[in-house]
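Peer 1: Sequence:
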Amino acid sequence: MFIRSGSTLVLTCTALLHPDAVSQVDWLHNQTKLSIAGPRSGVSIHTEKAGQLLSSKLSVAKVAARDAGNYSCQPDSVHPASATVFIVDEELPAAMHHDNA
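Residues -23 to -1, 1 to 78 in mature numbering (1 follows the signal peptide of the UniProt record, and there is no 0) are what the sequence shown spells out, letter by letter.
Note that these hints are calculated values from the structure, not bench results.
Predicted model, so just to flag it, every value in this text is computed and none were measured.
Do not rely on the hints blindly, as some may be mistaken.
As the list claims (entries may be wrong) - Here are the simulated DSS-like pairs of lysine-lysine, each with C-alpha atoms no more than 27 Å apart in a straight line:
| id | residue 1 | residue 2 |
| --- | --- | --- |
| 1 | 10 | 39 |
| 2 | 10 | 26 |
| 3 | 34 | 10 |
With the sequences and hints as input, model every part of the structure.
Peer 2: Printed below as a string of structure tokens:
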């Protein structure tokens, strides 16, 4: 996924849980657990459980090059899901054209 530098990254993870599972989701960035109290400000995590359906949303405000990489969502007792995020500099157009002259 490509996101423009300075914008807000929003990732959503949805999982069907075992009835006795804990409604906890860990979010990781390049294998490091994210926390709203961590060194990176602008991170928020909102998780809801409705019956066996768990939904968690990760938001990262004002993304920069340091925020690029692999994001993983790891719900309790469920296989993790991952997405790779690329940060695009604001000055670059969405479609790059090369001058072949």
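Peer 1: Please verify whether residue 10 and residue 39 have alpha carbons no more than 27 Å apart.
Peer 2: Within the cut-off at roughly 19 Å; holds.
Peer 1: Measure nothing beyond the straight line between the CA atoms of residue 34 and residue 10; if it is 27 Å or shorter, mark the hint as holding.
Peer 2: Judged against 27 Å, a Cα distance of about 15 Å means the pair holds.
Peer 1: Decide if the proposed pair is consistent with the structure: residue 10 and residue 26, CA atoms, cutoff 27 Å inclusive.
Peer 2: Distance of about 21 Å is within 27 Å: holds.
This entry satisfies every hint, going by the numbered hints stated previously.
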